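Residue numbers (the working numbering), protein chains in the order written: chain A, 23 to 329; chain B, 23 to 329; chain C, 23 to 329; chain D, 23 to 329; chain E, 23 to 329; chain F, 23 to 329.
Worth double-checking, as some hints may not be accurate.
Capping the alpha-carbon separation at 30 Å, the derived lysine-lysine pairs in BS3-like fashion look like this [what the hints assert, rightly or not]: (1) E:K96 / A:K96; (2) E:K207 / D:K283; (3) E:K207 / B:K164; (4) A:K164 / A:K96; (5) D:K283 / B:K126; (6) F:K207 / E:K96.
Keep in mind that the hints were calculated from the coordinates and are not lab data. This structure is a prediction, so every number in the text was calculated from the model and none was measured.
6 protein chains.
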Amino acid sequence: MDIDGTAEAIRTMEVRGAAKIATVAAGALRDLAAGWEGDDVGTLREELGRAGRTLLDTRPTAVSLRNAIAAVLKDMETCPDATALKELVESNADVFISRSEQAKGLIGRMCAGRIRDGSTVMTICNSTMAIAGILEAHRQGKSIRVLAAESRPRRQGYITARTLAEAGVDVTLIVDSAVRYHMAKTDVAVVGADAIASNGAVINKIGTSQLALAAHEARVPLIVCAESYKFSPLTMGGELVEIEMRDPAEVVDPGEFPGVKISNPVFDATPPEYIDVIVTELGVIPPGAAYEIIVQQFGYGALSEVE
Amino acid sequence: MDIDGTAEAIRTMEVRGAAKIATVAAGALRDLAAGWEGDDVGTLREELGRAGRTLLDTRPTAVSLRNAIAAVLKDMETCPDATALKELVESNADVFISRSEQAKGLIGRMCAGRIRDGSTVMTICNSTMAIAGILEAHRQGKSIRVLAAESRPRRQGYITARTLAEAGVDVTLIVDSAVRYHMAKTDVAVVGADAIASNGAVINKIGTSQLALAAHEARVPLIVCAESYKFSPLTMGGELVEIEMRDPAEVVDPGEFPGVKISNPVFDATPPEYIDVIVTELGVIPPGAAYEIIVQQFGYGALSEVE
Amino acid sequence: MDIDGTAEAIRTMEVRGAAKIATVAAGALRDLAAGWEGDDVGTLREELGRAGRTLLDTRPTAVSLRNAIAAVLKDMETCPDATALKELVESNADVFISRSEQAKGLIGRMCAGRIRDGSTVMTICNSTMAIAGILEAHRQGKSIRVLAAESRPRRQGYITARTLAEAGVDVTLIVDSAVRYHMAKTDVAVVGADAIASNGAVINKIGTSQLALAAHEARVPLIVCAESYKFSPLTMGGELVEIEMRDPAEVVDPGEFPGVKISNPVFDATPPEYIDVIVTELGVIPPGAAYEIIVQQFGYGALSEVE
Amino acid sequence: MDIDGTAEAIRTMEVRGAAKIATVAAGALRDLAAGWEGDDVGTLREELGRAGRTLLDTRPTAVSLRNAIAAVLKDMETCPDATALKELVESNADVFISRSEQAKGLIGRMCAGRIRDGSTVMTICNSTMAIAGILEAHRQGKSIRVLAAESRPRRQGYITARTLAEAGVDVTLIVDSAVRYHMAKTDVAVVGADAIASNGAVINKIGTSQLALAAHEARVPLIVCAESYKFSPLTMGGELVEIEMRDPAEVVDPGEFPGVKISNPVFDATPPEYIDVIVTELGVIPPGAAYEIIVQQFGYGALSEVE
Amino acid sequence: MDIDGTAEAIRTMEVRGAAKIATVAAGALRDLAAGWEGDDVGTLREELGRAGRTLLDTRPTAVSLRNAIAAVLKDMETCPDATALKELVESNADVFISRSEQAKGLIGRMCAGRIRDGSTVMTICNSTMAIAGILEAHRQGKSIRVLAAESRPRRQGYITARTLAEAGVDVTLIVDSAVRYHMAKTDVAVVGADAIASNGAVINKIGTSQLALAAHEARVPLIVCAESYKFSPLTMGGELVEIEMRDPAEVVDPGEFPGVKISNPVFDATPPEYIDVIVTELGVIPPGAAYEIIVQQFGYGALSEVE
Amino acid sequence: MDIDGTAEAIRTMEVRGAAKIATVAAGALRDLAAGWEGDDVGTLREELGRAGRTLLDTRPTAVSLRNAIAAVLKDMETCPDATALKELVESNADVFISRSEQAKGLIGRMCAGRIRDGSTVMTICNSTMAIAGILEAHRQGKSIRVLAAESRPRRQGYITARTLAEAGVDVTLIVDSAVRYHMAKTDVAVVGADAIASNGAVINKIGTSQLALAAHEARVPLIVCAESYKFSPLTMGGELVEIEMRDPAEVVDPGEFPGVKISNPVFDATPPEYIDVIVTELGVIPPGAAYEIIVQQFGYGALSEVE
C-alpha cells in the first residue's frame with residue numbers, strides 16, 4: 023500500500039491494534055524505498071522523512087507506530103548512495119516486520135517458562151502477550167489456575183476470562199478491589215504493557231500498578247510481557263508518558279450523578295522495583311535494561327528531538 | 023417490644039443496619055428485666071440468658087448484635103438478688119443505647135479533627151461513620167476534596183458520592199482500580215469497619231486493604247471510623263473473622279460466562295500496620311488498643327466461649 | 023512441699039520446665055501461708071518475702087519462676103491482718119496454678135482457630151504451646167502440612183517432627199537455612215516464646231527472628247503462643263533481656279577448629295512489627311498489648327525494682 | 023503561691039520549662055484546696071474549676087500544664103462533700119508532683135538499661151530525659167560514644183554536646199544532614215518528646231522524624247524518653263497536634279534573602295512504627311500503649327471536651 | 023594552553039569547577055596532539071600518556087578530570103601511525119568538549135520534561151544541573167514551587183534560593199532537619215551528583231541520601247541530574263568512593279567546644295533503589311544503567327588499573 | 023585432550039569444579055579446531071557443533087560448561103572459510119581460558135576494594151571467589167573480622183572457617199539460624215554464586231537469600247562475587263533456574279524419623295533488590311546489568327534455543 027493510503031487506513035481505524043499499525047506502516051515505507059527509481063540519495067532521504075511524518079501524524083501518541091517508523095528509517099544518514107539507502111530501508115523493515123510476527127510466539131514461550139506447574143496466576147485487562155504466555159503454559163500441560171481481574175471501567179477482563187475458559191484453562195473472574203485479597207494465594211502475576219519508559223517503569227491499564235504493589239507486598243513475582251517496540255524512546259529524552267483521561271461516561275452516566283465529578287485515567291505507571299522481569303522477544307530482561315533496549319534499537323538518535 | 027417480637031423483626035429485616043439492630047436488642051432485654059416481677063435471681067438470670075440466645079440466633083454473625091447482648095448482660099453473675107440484677111441490666115442497656123446514639127456525633131467530630139483544611143480525602147464503600155467525619159469537616163468550613171471509590175461489586179460508592187454532592191462537598195467518583203493512581207495526590211484516607219479483631223486488624227468492604235496498602239506506600243494516614251461495638255470479642259478467643267463469599271451474580275451474570283468461575287468475597291482484612299488511628303466514641307486509638315477496648319467492654323468473659 | 027525442699031528441687035533440676043517450676047513454687051508459697059498460725063501480719067509478710075527470695079535465688083533468670091512468685095505475693099501490702107493475707111496468698115496461688123494448668127488447652131484451641139483448613143504451617147524449635155495449637159488444628163480435622171525447622175545447634179526441631187508424625191500430622195523437616203525458600207509456600211507460621219518484653223518483642227530460640235522476617239517479607243502471618251507468665255515485668259523497668267551465650271561445643275567440637283572462634287547465642291529477639299498476634303490464655307492479643315498484660319498481672323510494682 | 027500569682031508567674035515566664043510549670047500549677051491548686059474553709063462541695067468544685075481555667079489560659083498549648091491541672095482535678099465530681107474533695111485534690115496533687123520529681127531519675131535508669139556497653143548512641147536537640155539516660159549509662163561505667171545532631175535552626179545540639187563533654191562522655195557533634203551517614207555505625211538512638219499522641223506518634227523537635235526514619239532503615243532501635251504528662255489527652259479526642267511555625271529570623275536574616283520565603287516548623291511527628299519503646303516513669307512501653315497511659319491518667323473525661 | 027600551563031592553572035584553582043577543569047584539560051591534550059610534528063606513533067603515545075598523568079596529578083580525586091583525560095586518550099593503542107593517533111585524539115577531545123558544552127542545556131530540558139505543571143520541587147545544595155532543570159521548567163511557563171534545603175555546613179542552599187528567587191521562581195528556604203516534614207507536600211525531588219558509581223549509587227552533598235530516603239518513603243520520585251563524565255570508572259574496578267572528611271571548623275569553631283569531637287563528612291552515598299532516574303546528556307536512564315554508561319564511554323580499559 | 027577423552031574425564035568427575043570443567047572443555051574445542059586439516063568450513067562447523075553437544079551432554083545443567091562451549095563457538099556462522107573458523111575458535115578459546123584464569127585474582131582485588139578497614143564481614147558456604155576477596159582484604163593489611171555461617175546440610179562453612187583461620191584471619195563460626203542475630207554488628211556481606219539469571223537474581227547455596235534479606239533489613243551491603251560465565255543465557259530465553267532437591271540423607275538419617283518427610287533444596291534465589299553489587303572479572307556491576315553481560319558474551323544467539 024502507498025503512504026497516503028496507509029495513512030488513511032490508520033487514520034480511519036481500518037487498520038488498528040498496536041502490532042498491526044506498526045507492521046503496516048513499516049511495510050509502506052519499505053514499498054516506497056523498494057519502488058524508488060531515482061539516483062539521488064538526498065531526495066530519497068527527504069521523501070522517506072516526509073513519508074514517516076505523514077504516517078506519524080495519523081496517531082502521534084501511538085508508541086508502536088512511532089517506533090516502527092524510527093526502526094525502519096534508522097541509520098538512514100549513513101548511506102552513501104540511493105542503492106544503499108534502499109537496501110537499508112528494506113532490510114530494516116523486513117527485520118522489524120519479521121520480529122513483530124515472531125514476537126508473540128517467542129514471548130509466549132519465554133513467559134510460559136516462568137510459570138511453574140501447579141501455579142495460580144493473576145492477570146489484569148486483556149493483554150495479547152500475557153495471554154499468550156498463559157495459554158502456552160496450559161498447552162505445555164502445566165496445571166494452572168488463573169485469576170482475571172475485571173478491569174473497570176471497560177471490563178476487558180471479561181474477554182480474558184472468556185478466552186481462557188474457551189481454551190480450557192481454569193479461570194476465575196474477580197473484581198478489581200479483590201486483587202489484594204486473592205494475592206495471598208497467588209504464585210505469579212502476568213501483565214502486558216502499553217509503553218515502557220527508559221527507566222523501566224511500565225505504563226499499562228489502570229489498576230496494574232496496584233496489582234504490582236500487592237504482588238510485591240506478598241513476594242509474588244510480577245512478569246510484564248511486551249514486544250520491544252513498546253519501549254518508548256521519547257522517555258529517554260525526558261518526556262513523561264502522559265496518562266490519558268477518558269470520557270467519564272465510560273465509568274457511569276454522569277447525568278445520574280448531579281454535582282459529582284468523575285475521573286477516568288486509562289493507564290497508570292508501575293515502578294521498576296515492583297517488576298521481576300520484562301519478557302520481550304529479545305529475551306527476559308530486568309526492568310533496568312529498558313534503557314539498553316532503547317539504545318540498541320534506536321541509537322542515540324532517540325535524543326535528537328530534545329536537542 | 024418483647025423478645026420474640028424483636029427477634030422476629032430482626033429476622034425479617036424489618037429492623038436492619040448494625041446500629042439499629044444493636045439498640046433494639048438492647049432495649050428488648052432491658053424491657054424484659056424492667057418488667058420482671060419474680061424474686062428469684064437464678065430464674066431471671068436464666069430467662070435473660072435464654073432471651074439473649076433467642077436474639078443472637080436471628081443473625082449469629084452480626085458483631086453489633088452479639089456485642090449489644092453481651093454488653094447488656096455483662097457482670098450478671100455478680101448480682102446477689104433479682105433487684106440488683108434488674109438494675110444492672112437496665113443500667114447496662116441504658117449506657118449501651120445512649121453511647122450508640124452519641125457515637126455518630128462523637129466519631130464525626132473526632133474524625134473531622136484529623137482532616138486538615140485544604141485536604142484531599144479518599145474513601146471507599148458507604149460508611150456512615152466515615153461520611154459523618156467528612157461531612158463534619160465540611161460543616162466546619164474546611165475546604166476539602168473527596169475521592170470516592172466505586173466499590174465493586176455493589177457500587178456503594180455511588181451512594182457516598184451522591185450523599186456528599188448533595189451536601190455540597192466537592193466529590194469525585196473513581197473506579198477501584200484507580201485508587202493507587204489517585205493516592206499520589208491524596209492527603210488522608212477515611213474508611214469504616216464491619217468488625218475489628220483483637221489484634222487491631224480491620225475487617226471492611228473488599229478493597230479496603232488494598233486502599234490501605236496504597237496509602238501506606240505513599241505515607242498517607244488511614245483513619246478507620248468505628249463504634250466500639252464493632253470490636254469482636256470472639257477474635258480475642260481465637261476465632262478468625264470469616265470472609266463471607268457472596269452470590270457470583272452480584273459480579274456478573276454467570277450465564278454469560280460459561281466455564282468461568284466467579285469469586286465474590288465481600289470483605290477483606292487490613293493489617294494494623296497500615297492503620298494510623300481508629301476513631302471510636304471512646305477516643306482516637308492506635309489499632310493495637312483493640313484488645314484493651316474489648317477487655318474493657320466485655321471483660322475476660324469474652325474468652326469463656328472457648329473454654 | 024516446704025520452701026526449702028522446693029528450692030532444693032528446683033536447684034537440682036528435679037523440678038524443671040518453665041511451667042512446672044512456676045506452679046511448684048506457687049504451691050509452696052500457698053502452703054506456707056495456709057499453714058501459718060501467727061497473728062501478726064507484718065511477720066507473715068516478712069516470712070513470705072523471704073520465702074520468695076529463697077525460691078527466686080535458685081534460678082534468678084527464669085521468667086516464669088519470677089512471675090509465679092510475683093503473682094502469688096501480689097497486693098500483699100494491702101492486707102490489714104494476717105487472715106486477710108493468708109486468704110489473699112492462697113487465692114492468688116490458686117488462680118495462678120489453675121490458670122497455668124488451663125493455659126495449654128486454651129492456647130491450643132485459640133491458636134488452632136487461626137489455622138485454616140488446607141494450610142501449610144511453619145514452626146521452629148520445640149514449643150509446647152505452638153505444638154498444642156498445631157495438634158488441636160489436626161484434631162479438629164483440618165488438613166494441614168507442617169514444616170519443622172531443624173533448630174541448630176541443639177536440633178529441637180527433631181523432637182517436633184517426631185511428635186507431629188506420631189500424631190499423624192503431615193510433617194516435613196527442613197534445615198534452618200531453607201526457611202525463606204519454603205516460606206513462599208507457607209500460609210502461617212507458629213512459634214513459642216521464652217520471654218516477652220513490655221514493648222511486645224519476643225525472645226525465643228535463635229532463628230525465630232529470621233523466620234519472622236521471612237514471614238513478614240512474604241505476607242505470612244506469624245502467631246506467637248505463650249502463657250501470660252512469659253511476659254517479663256523486668257523489661258517494663260528498663261532491663262534488656264540478655265541473650266545467653268552457650269557452650270561452643272554445642273555447635274562443633276572446638277578442638278577440630280584450631281584458631282576458629284565459635285559464637286553460640288541461644289535466643290534472639292523478634293521485633294513486634296513482624297508479629298501478627300500473641301496467643302495467651304488471656305486471649306489473642308497484638309504484641310503492643312504486652313505492657314497491659316504485665317500491668318494487669320503485676321501492677322506497677324513491676325517498676326519497684328528500679329526505683 | 024495563690025492562683026493569680028502563679029498564673030502571673032507562668033505568663034511572665036518567671037516560671038518556665040515543661041516540668042516546672044506543671045508542678046507549680048499543681049501546687050497552687052493543692053494550696054487552694056488545702057486552704058479552703060467552706061462546707062459546700064459545689065462551691066469548692068466551681069472555684070477549683072475556675073482556678074484551673076485561669077492557669078490554663080496562661081499557656082493554652084502547653085501539654086504539661088494542661089495535664090497537671092487535669093491530673094489534680096481528676097474525679098472531682100465523685101466527692102460527696104467538701105472534705106472529701108479537699109483530700110482528693112491534695113492527694114492528686116501530691117501524687118502528681120512526687121511522680122514528676124522522680125521521673126527524671128526513673129526514666130534515666132530505665133533508658134540506661136537499654137544502652138549496652140560499647141554502644142554508639144545518636145541523639146538530637148537537647149532533651150533532659152534523653153540526656154539523663156545517656157549520663158546514667160555513662161555513670162554505670164558503660165563505654166559509650168554519642169553522636170549529637172546540631173538541631174538547626176536553634177542548634178540545641180550544642181548544649182547537648184557541651185553537657186555530655188563536661189560529664190566526660192565521648193561526644194561528637196554532627197550536622198543534621200549527616201544523620202543518615204552516621205546511622206550506619208550507630209547502635210541505638212535516644213530522643214525526647216514534646217507531646218505524644220494517643221496513637222503513639224511522637225511530636226518532637228524538627229528533624230526527629232527523619233532521624234527515626236534513618237534508624238528504622240538501618241535496624242537501629244529508637245528510644246523515646248518522656249514523662250507521662252507529655253501524653254496528650256486532647257489527641258484522644260480527635261485533635262491533631264498543630265506544628266507551630268516560628269519566626270523565619272531563627273533560620274536566616276530574611277533581609278538578606280529578597281524574594282525568598284522561609285519556612286520554620288519547630289516540630290515534626292514521628293510515626294509509631296519507627297519507635298522501639300517509649301520510656302516513661304510508668305515503665306517502658308510500646309508506642310501503642312499511649313492510649314492506655316492517657317486513659318489511666320485522665321479517664322474518659324479526656325473525651326469530654328469534644329462531646 | 024600547553025600541558026604545564028594547564029596543570030598549573032588547575033592546581034592553583036585559577037581554573038575550577040568540575041565542568042571547566044574537564045574541558046580545559048581535554049583542550050590541552052588536543053592541542054598537544056594537534057601540534058605534534060613527529061612521525062613515531064610510539065613517541066606520541068608516550069608523550070600523551072605523560073601529559074595525562076601530569077594533568078591528573080593536579081587533582082587526583084576529581085572524577086571529571088580523570089574522565090576527561092580517559093575520554094580523550096581512549097582507544098589510543100588502536101592507532102597504527104601518528105597521523106591516525108593525532109586525528110583520534112583531536113576527534114575524541116572535540117566530542118568530549120562539545121558534549122560537555124551541550125550537557126547543561128540537554129539535561130535541563132530533559133529534567134524539565136519530568137517536572138509537571140503545578141508541582142512542588144525539593145532540592146538540596148547548589149547543583150548547576152538540577153537548577154538548570156528547575157529554571158527550564160519555570161521558563162516553559164510551568165507553575166512550580168521550590169523547597170531549597172539549607173545544606174549545612176556550608177549552606178550552599180542559600181545560593182540556590184537566591185538564584186531561583188532572582189529568576190522569579192517561587193522558592194522557600196528550609197533547614198535540613200525539615201526535609202521529611204516538607205516531603206509530605208512535595209511532588210518531585212531534583213538533585214545533582216558529584217560522582218556516580220558503577221552500581222548506580224550516587225555520591226552527592228551530605229544530606230542527599232536522607233532526602234532520598236524521605237522521598238522514597240513518601241512515593242516522591244527522585245531525579246538525579248548529572249553529566250556523563252560524573253560516572254566513575256574506578257568504581258567499576260572495585261574502588262569505593264571515599265567520603266572526604268573536611269575541616270571541623272566548617273561546622274563550628276572547635277575552640278568553643280572543648281572536649282567535643284566534630285565530624286564533617288562532605289558527601290554521602292544514595293543507594294540506587296531510592297533513585298527514579300538519572301538524567302544525563304545521553305538520556306534519561308535508570309540508576310542500574312550506570313555500568314553501561316561507563317563501559318560505553320571508557321570501555322573495559324576502565325578495569326586496567328586493577329589488573 | 024581430545025573431545026571423547028575430555029567428555030569421559032568430566033563424566034567420571036576426574037575433572038570437577040565449575041572453573042576446571044569450563045577451561046578443560048574450552049581447551050578441547052580449541053585443540054580440535056587447531057588440529058583440523060580439512061578445507062570445508064561446513065564440515066568443520068558441523069564437527070565443532072557435534073563436539074560441543076558431546077561435551078554438554080556430560081553435565082547438561084552445569085552453567086559454566088554450557089557457557090564455555092557457547093563462548094568458544096560464538097560467531098561461528100560468520101566465518102567464510104575453514105581458516106577463519108579455526109582462527110576464531112582458537113582465539114575465542116584463548117580469550118575464555120585466559121579470562122577464567124585471571125578471574126579469581128581480579129575479582130578478589132575488586133571485592134577487597136569494597137571491604138573497609140575495621141569491618142565485620144559475613145559469608146556463607148564456601149565460595150572460592152568470596153574467599154579470594156576476603157583473603158585479599160586481609161593481605162592488604164585491613165583489620166577484618168569474619169562471620170562464617172555453617173551452611174547446613176553439608177556444612178561447607180567449616181571449610182571456609184578453617185581456610186580463613188589458617189590464613190590468619192579472625193574468623194567466627196555461627197549456625198545458620200544466627201545470621202540475623204549477628205547481622206546487627208556486620209558491616210558487609212560477601213557471597214558467591216552458582217548461577218545468575220538475566221534479571222540479576224542470584225542462585226546460590228540454600229540460606230543465601232535469607233542472609234541477603236537480613237542484610238537488606240539492616241542496611242548492610244551484599245556483595246556477590248562471580249565469574250562472568252556464571253551468568254545463565256538460558257534464563258534470558260525464559261528458563262527458570264530449577265532448584266535441585268538433594269538426597270534427604272544429607273540432612274538426617276531418614277530411618278530415624280519414621281513418618282517424617284525431609285526436604286533438601288540445595289540452592290535458593292536471591293532477588294536483585296537485595297544485592298548491592300556483583301563483582302565479576304568484567305567489573306563491579308549492578309544486578310540489573312546481568313542481561314547486558316549475557317548479551318555481550320553470547321549475543322542474541324542465547325535466545326535461539328527457544329525460537
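Next on the checklist: With the threshold set at 30 Å, check whether the alpha-carbon distance from K283 (chain D) to K126 (chain B) stays at or below it.
Outcome noted: Outside the cut-off at roughly 42 Å; violated.
Item to check | 30 Å Cα cutoff - pair K96 (chain E), K96 (chain A) | outcome: holds, 27 Å
Item to check | Straight-line alpha-carbon gap K207 (chain E) to K164 (chain B), limit 30 Å | outcome: With a Cα-Cα distance of about 18 Å, the restraint between K207 (chain E) and K164 (chain B) holds, given a limit of 30 Å.
Checklist entry - Would the pair K207 (chain F) and K96 (chain E) pass a check requiring their Cα atoms to be no farther apart than 30 Å? => result violated, 43 Å
Next on the checklist: Hinted pair, alpha-carbon criterion (30 Å max): K207 (chain E), K283 (chain D). Please report holds or violated.
Outcome noted: holds, 16 Å
Checklist entry - If you draw a straight line from the CA of K164 (chain A) to the CA of K96 (chain A), is it 30 Å or shorter? => result violated, 42 Å
Hints 4, 5 and 6, counting from the list given before, are not met by this structure.
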